[in-house]
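The chain contents come next:
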Amino acid sequence: MKLIIFWMAFLMSCVTPLFSQPAHAERLFVPFMNKESQSNVIVSVSDFGSGQTCPDQFTNSLSNTNLFSLETQEEVRSAFSKYKLVTPTRGPSGTILVDSFKTNYQLKIYNKVVNSEEIISIFQYTNRDGRELIKYGSGLWAEYRNASNDGYNFSFNRTGVGTQLGFGEVKNNKPSGVFVRFEDMHPQGISWSPKDADFIDSRLSEYRQYTNGFVLGKFLMWNVNNGNLLIKAEYTAPYDWKKIFFSRNDIMACSCGVIEKVEPLKELS
Amino acid sequence: MKKIFLSIGLMLGVATAFATTQTKTTQDKPWRVYLLSDVQNKTGTTYYKDEVYENAWGNFEADDDGGTSENQTWVNYNHFWLDGIGGVGGEYNNWQNDYWDYQGNHYGSAGGMTGNITWDETGYGEEIGLNNDGTTITGFTNSRTVWGRIGNEHCNVSDPVNQTWDNDYSAWDDDNDRGSQHDTYTRTADSVWHVQTGGKSIPGRQSLWQFSGSASEILDKRAVPQFYGANMREITNKTQIALGSLGNLKADGNLWLTLPDDVEKDITPTVAGKDFFTFSVGGQKYLSHYEVFVRQPYPNYPNDVTWYGPYGPPLGWPVYNLSATDAGHAWWKISTEAPMDIVSQYTTTNCSRWINAEAGYGPRDGEASIDWWSFFLLQGFNKQGPGKVYGGSAGVTVHKTYVISFQGKGAIDGVNHVENLSNIPGTWDTGYHNCVHEVVIIGKTTSVQLPLSDTTPEGFGFNLPPDSN
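In order, the protein sequence lines correspond to chains A and B. Numbered continuously in the numbering used here, the first sequence closes out at residue 299. Numbered continuously in the numbering used here, the second sequence closes out at residue 486.
Read the hints as simulated data drawn from the structure, not as lab findings. In this text, a Cβ means the ideal position worked out from N, Cα and C, and glycines have one as well. Misleading hints may appear alongside valid ones.
To give an idea of the interface, some chain B residues facing chain A are shown, with a C-beta separation under 8 Å as derived from the structure [what the hints assert, rightly or not]:
| no. | residue |
| --- | --- |
| 1 | G103 |
| 2 | I154 |
| 3 | R312 |
| 4 | Y315 |
| 5 | N320 |
| 6 | W324 |
| 7 | Y325 |
| 8 | P327 |
| 9 | D343 |
| 10 | G345 |
| 11 | T414 |
| 12 | H416 |
| 13 | H454 |
Assemble the whole structure, with the sequences as input and the hints as a guide.
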């Protein structure tokens, strides 16, 4: 199916109020998410210029104990190095490969068909009851789960300024705890590899708090160039981020592209 | 089939099919400077007669030991060789000797052969000869190549000999010596060198070429390839040497000019007024390129669509990395293999500074990393402001290279445009005159057609046609 949907008219009618902060106390919203879904969202900063000066308590640093417990800090730090060197056949230290298969997708965008291939490998820890599901392709996606289906999700994604790391705590196989993104600001050029990601000086760009699969609590975004706050919001009721993000009627400004995802063409074990 | 509709954050022309560059329309060919053909034809005859006659004077008495000898030879050598095909040749050698002693007794012999030579395309050949007595001989078989017989020459000589003599040796003998020699000798030879300019037959495409050559006059008229030991005189005034119809070399022995791609030209050196000379000729093509650089905020889009898990992609994805304030960037480089001192002969110094230099267009007082997308999001459909030509940028994620002309909607026109843009940058505008627009405009100036279906770096980089030769 090939569709081109132009959202400009809709967008331009709604984007300006989302971003602007007029003198009178007009309510702020999280941009790119539909306003109607945000009845239980208190947005105190929504500034996509250079942002607003960030209070010390929200400094975008992994060592900020207002945002991260010491345990989470250590978990994120270890994840940085843990997944840099994994391959489809070599998992994190202490694991063995138990299954691997390849998935091909075809994505249609800009009137082009793009073949997207993923290799999914499952590794089992030998010294404890835990496993890793790791997807390789245009990036890296990893799911660590223990026997109780607790653990975390991890990702490396390529950006124009380098590599974006995602880390989200999981309980009972649902996002629960913090979800964060970091930018390493270390561009790799034409070719890109997770193993060349450099998070020594990476900067925290996004922070969400999840409970039982829903956003509940703080949502923060920073300008990583100057540390200013771009968004500061408090979700006072569970919010289904992904559902709303992917809903056709809600999302983003100025959309006109349609991705058609075809289910896997083949699976190889 | 499950369809996932994603908002992509683009606003322009996704429906527009991406354009293709015209460079895809014809086959790319290599260039070469090569010996097209070699033709030689030599004909010579000799007639030599010498008579020793009695002439007793003084203290010497005639001893009747005189006689007459005559030698005659007929020689012809010709060949024709054509690059890539091979060639044929022939040799014809006949001789006859006669001698009559003072008593009129005749002694003599005669012989000769006709040989036919064939060369294959590699240059190796064989000669089969037919003797005058009807027997056949093998001159050579794959042991000689045509290259040993090609002199890279122009030859149009005639060297007849007509002389008589009557020598009186009476001071010490009674035998006098008188005779005559009548030779004919003509030789013509021409080695023809061509250049195939290669590339693609794209109207208007002109590449820069450097040709060089030398020539030496051969003073020995009967010299033949390889001219070992022949007296020669180098043509030191290079401007006397013309290369086919391309023109005369400059004083430094080089000739720089532009030639269309995919044509063939005669570059055989000629020297006015010289009938016999050997030469060398060479050429070098200098390619020019239009290079396009793009930094996409999310270079793996759309392949990264499944890589964000339950959290979804970041806000602004895929056209704007909000946290890094990066909407991407597009910039260019006009490059050429030609030496800069030659480039500067075709344009001004100011313009030539843009050769081999990465440059981009953006708003004045901004940075190479332009957050114009945020302007777009925040302040309306179009953001305008004074423009500026910047240097290159960091973080390239797409790099394409397209072969372009040197002159004639090529590199020179391109750098001239950039210089003009630098002097009069005009108004930068998110919707109508941003970095992507200028990359496309300069591409058009250099005859590279790039798609403008999407003016965001993300979409522009995605839709760029592949490299072209």
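Against the structure, the hints:
With 8 Å as the threshold, the beta carbon of G103 (chain B) stays out of range of chain A, its nearest partner Cβ sitting at about 47 Å, so the hint is violated. Nearest Cβ of chain A to the Cβ of I154 (chain B): about 66 Å, over the 8 Å cut. The hint is violated. A least Cβ separation of about 4 Å between R312 (chain B) and chain A falls short of the 8 Å threshold, and the interface hint therefore holds. Against a cut-off of 8 Å between C-beta atoms, the interface hint on Y315 (chain B) holds, since the closest Cβ of chain A lies about 6 Å away.
Hint on N320 (chain B) holds. Least Cβ distance to chain A is approximately 4 Å, under the 8 Å limit. Checking W324 (chain B) against chain A: minimum C-beta separation of about 4 Å stays under 8 Å; hint holds. A cut of 8 Å between beta carbons decides the hint on Y325 (chain B): the least distance to chain A is about 7 Å, and the hint holds. The criterion of a C-beta within 8 Å of any C-beta in chain A is met by P327 (chain B), whose closest approach is roughly 5 Å, and the hint holds.
Interface restraint check for D343 (chain B): the shortest CB-CB distance to chain A comes to about 5 Å, inside 8 Å, so the restraint holds. The interface hint given for G345 (chain B) holds, since its Cβ lies 5 Å from the closest Cβ of chain A, which is under the 8 Å cut-off. Taken as an interface hint, T414 (chain B) checks out: its beta carbon lies about 6 Å from the nearest beta carbon of chain A, inside 8 Å. Satisfaction of the interface hint for H416 (chain B) is found here, the shortest Cβ-Cβ separation to chain A being roughly 6 Å, below the 8 Å cut-off.
Hint status for H454 (chain B) relative to chain A: violated, with the closest Cβ pair at about 18 Å, above 8 Å.
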